[in-house]
Structure formats: C-alpha cells, structure tokens
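Trainee: Sequence:
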Amino acid sequence: MTGFGEAHNRFDTLSVAVELRTINSRHYKLSLRANEGYGALEPQIDALVRKRVRRGTVQLNLHVQRATKADDYRINSEVLIGYLNQAKLVAQATGASDKIAIGELLTLPGVIDDRRAPEQNSQEDWPHIEPTLREALAALTKMREAEGRALAADLQENCQIIGEQAAAIERRAPDVSVGYRERLTERVNRSLSELNVTVEPADLLRELSLFVDKSDISEELVRLKSHLVQFDATINAQDSSGRKLEFISQEMGREINTIGSKANDTEISQHVVEMKAALERIREQVQNVE
1 MTGFGEAHNR FDTLSVAVEL RTINSRHYKL SLRANEGYGA LEPQIDALVR
51 KRVRRGTVQL NLHVQRATKA DDYRINSEVL IGYLNQAKLV AQATGASDKI
101 AIGELLTLPG VIDDRRAPEQ NSQEDWPHIE PTLREALAAL TKMREAEGRA
151 LAADLQENCQ IIGEQAAAIE RRAPDVSVGY RERLTERVNR SLSELNVTVE
201 PADLLRELSL FVDKSDISEE LVRLKSHLVQ FDATINAQDS SGRKLEFISQ
251 EMGREINTIG SKANDTEISQ HVVEMKAALE RIREQVQNVE
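Numbered per this note's numbering, the sequence shown finishes at 290, counting up by one with no gaps.
A few of these clues could be false.
[What the hints assert, rightly or not] In the DSS-like style, the derived pairs of lysine-lysine whose C-alpha atoms are separated by at most 30 Å in a straight line are:
no., residue 1, residue 2
1, Lys29, Lys244
2, Lys99, Lys29
3, Lys276, Lys262
4, Lys262, Lys244
[Stated by the list, open to error] If you anchor each label on the Cβ, the simulated ranges turn out as follows:
no., residue 1, residue 2, range
5, Lys29, Ile81, 35 to 41 Å
6, Lys142, Gln230, 27 to 33 Å
7, Arg283, Glu124, 18 to 24 Å
8, Gln238, Arg74, 33 to 39 Å
9, Arg281, Arg33, 32 to 38 Å
10, Ala87, Ser15, 20 to 26 Å
11, Glu124, Glu246, 41 to 47 Å
12, Arg33, Arg134, 38 to 44 Å
In case anyone wonders, no lab produced these hints; they're calculated from the structure. Please read all numbers here as calculations on a predicted model, not as lab measurements. For every residue, glycine included, the Cβ atom is placed at its ideal position computed from N, Cα and C.
From just these sequences and the hints, can you work out the full model?
Mentor: Encoded structure:
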C-alpha cells in the first residue's frame, strides 16, 4: 500500500529528519538515502521498518546534521607550507607581489583536515535517529491503515458480487438438466418420427444422467462459497496477510473457471463472466495488501 510519513527532531548537537514513502509492490524492498557514513545504519533501520512494512518498496531519506566542534577540524601545516612555498616561487618568477594572505590558502584542497569519523558518529547518533524514525513510521502506518480500510471495503464489495452471482447460478443449475431433458426428448422424438423407429425410455434416462453428471457444479459452488468465507475472515483478521488473500483468490479462480466449462447454459455463462470480472479486480487489489 502507498503511504507517506515524516518526522523532524532537534537534539543538543544533532538535527535529524526522516522521510518515508511506500510504493505498491508484491515484495519488500528498502531503498535508503542518507548522509555519508550513515549508510552503516541500514541493518538497524531495515529491522525497524520491517516491523511495520511487509510488502512494498520503501523509500527512506535520512538527513542528519551535526553541530561542529573546534576539534573536528585541523590545519594541515605541511600542506599549507607547501602551498606558501609554491606561491612564493611563482611570485618571484613573475614579479608579482609576494604578499600572500593565509586565509586565501585555507580554502585550497587538503589544507583543512576533517577529523570527524562518520562511521563512528552514525552509531553514536542512532539513539537520536531511532525515535525520529519511529515517529515517521507511525505517520506512515496511519496513512496506510486509512488506505487499507478503503481497500478492504472494495475487496468485500467484489466478493459480494461473486457471492450474488454464485447464488444465482445455484438457483439456475436445477433448471439446466430439466431444459436439457426437454430439448433431448424433442430432438429424439422428431428424429424417431422421421426414421419411424423407437427408443426405450431407459436410453433417454441414461443419456440425461450422463449429461447431469458432467455438468454437475454443486461441488464447485460449495468450494467457491467456502473460499469467499475464508477471504472475508482473512480481511477482518487482526493480522491480515496479502499473500494468503492472493492464494485464496487463485483458488476462487479455479472454481469459477470449472463452473464456466462444465455448465452448458447461456445464463450461467453470463453469471460466470460477471464473477471473472469481479475476481480480476480482486486480484489487482490484493497485490497491494500487506
């Protein structure tokens, strides 16, 4: 499910900002963008995110800003002296002024050593980053739960459509054999009158029995209704599983396809088409369920 969450906190020497986005996906994936050195926290971040998100691509932006201290930087004397000597040589060779401002040389590469240890700081900063990440996850979860409720309502609506169509098929099924018997009797009688032969009633009964046996969909309807009950129970469960819903929808598809292939009736075929359309919408949606 899609969602967004962010949190910002300021501590004594640290400012932390976390931004989370989730994109629909069948599998879990974390994409972390962070300041240099803070990528070392990915295992801890991933473990925390996995507790809230089980499916979907998670895009996490972590920005940490530390208040610098005087001890964090040192002037590299050797490099600075090297720059000074080179500058004097150039001044002598060109006749330019040899008055060189130290401040100008401090901006040259290598003059200032950054003695901060990003890897070490990232671990030291985790106690401040963790609560900020938890706040962002809470905001993300709130948005995803709202989407989940709307998604559940849509899934239940489509399940209701399938249930209604299945009930209509169940009501229609007994009439199929009756209609077939009438059509068969009419065709046989017409053929017999033209050929002037007779057929035993037992032969007609055997043919009708074969048709009824091949077109019997009672077991498929029972299993389909059972799948609908399981689907509804899974949606309403406290720990709903998108993968389980995906499996149940596949089983529903098997039963619907079998009903369509076995039922030799136009009206039932129309109901099957409606069930397949509703099931396709369910299959698309369950890809986004946790």
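Trainee: Are the hints correct? Go through all of them and say.
Mentor: Do the hints match the structure? See the list:
no.: 1; hint: Lys29 with Lys244; result: holds (20 Å)
no.: 2; hint: Lys99 with Lys29; result: violated (58 Å)
no.: 3; hint: Lys276 with Lys262; result: holds (15 Å)
no.: 4; hint: Lys262 with Lys244; result: holds (28 Å)
no.: 5; hint: Lys29 with Ile81: 35 to 41 Å; result: violated (51 Å)
no.: 6; hint: Lys142 with Gln230: 27 to 33 Å; result: holds (29 Å)
no.: 7; hint: Arg283 with Glu124: 18 to 24 Å; result: violated (48 Å)
no.: 8; hint: Gln238 with Arg74: 33 to 39 Å; result: violated (57 Å)
no.: 9; hint: Arg281 with Arg33: 32 to 38 Å; result: holds (35 Å)
no.: 10; hint: Ala87 with Ser15: 20 to 26 Å; result: violated (39 Å)
no.: 11; hint: Glu124 with Glu246: 41 to 47 Å; result: holds (43 Å)
no.: 12; hint: Arg33 with Arg134: 38 to 44 Å; result: violated (19 Å)
Of the hints listed earlier, those the structure fails to meet are numbers 2, 5, 7, 8, 10, 12, in rising order.
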